[in-house]
Amino acid sequence: MSNTQTNPMTTTQPTPPNDKRHDPLQSAPVRPPRRNYNALIAFCVQYKLIKWVGTHRPDGRRRCTVFVSKKKKGTPRLTAKATRDTREEALEAACWKMLKHIQTIDVAAFVARKH
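Numbering-wise (the UniProt record's numbering), the sequence shown opens with residue 1 and increments by one.
In case anyone wonders, no lab produced these hints; they're calculated from the structure.
Don't take each hint at face value.
Below, simulated SDA-like cross-link-like pairs (lysine to any residue); rule was C-alpha separation at most 25 Å, straight line [said to hold, decoys possible]:
1. Lys-97 / Phe-67
2. Lys-48 / Asp-85
3. Lys-81 / Phe-110
4. Lys-97 / Val-111
5. Lys-71 / Lys-100
6. Lys-48 / Pro-76
7. Lys-48 / Thr-86
8. Lys-51 / Val-107
9. Lys-81 / Val-53
10. Lys-97 / Ala-112
11. Lys-48 / Arg-62
12. Lys-97 / Gln-46
13. Lys-81 / Tyr-47
14. Lys-97 / Val-53
15. Lys-70 / Asp-85
16. Lys-51 / Lys-100
17. Lys-100 / Asn-38
18. Lys-70 / Pro-58
FRET-style restraints, in silico, Cβ to Cβ [to be verified]:
19. Ala-109 / Val-45: 33 to 41 Å
20. Ala-108 / Arg-87: 16 to 24 Å
21. Arg-84 / Lys-48: 15 to 23 Å
22. Glu-88 / Arg-113: 16 to 24 Å
23. Ala-112 / Arg-61: 33 to 41 Å
24. Thr-86 / Lys-48: 16 to 24 Å
25. Arg-35 / Lys-81: 31 to 39 Å
26. Cys-44 / Arg-87: 16 to 24 Å
27. Ala-108 / Thr-79: 31 to 39 Å
28. Ala-42 / Arg-113: 18 to 26 Å
29. Arg-87 / Ala-112: 16 to 24 Å
Every residue gets a Cβ at the ideal spot worked out from N, C-alpha and C, and that includes glycine.
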């Protein structure tokens with residue numbers, strides 16, 4: 001047998017190219033840590049408040065609104081809004097605004113208010 005011919009009995013299957021779609025470690029996008037979101041959740045747990053998020057897409061961008069209240073349907077409630085290119089960025093920005101706003105108010109008085 002010449003060097004240019006291959007023996008069909010000894011050939012192996014070629015290895016497929018590295019397909020990243022099927023590799024679970026490489027296919028999942030890396031998320032940035034949600035520092036502001038986690039801090040807001042900790043605040044709500046500490047004061048027994050409810051936090052909920054509303055999102056929509058004006059002009060192809062993501063709009064995120066974060067609400068904090070004692071009840072889902074009630075006043076007073078705190079609101080922070082942000083518009084970014086992705087939902088994650090909008091959520092982090094809205095949570096950052098909410099935490100900044102919380103630092104300027106008297107939290108004990110807000111929690112003690114009646115709805």
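Structure versus earlier hints - violations, ascending order: When the structure is compared with the hints, numbers 2, 7, 11, 15, 18, 19, 20, 21, 22, 24, 25, 27 and 29 turn out to be violated.
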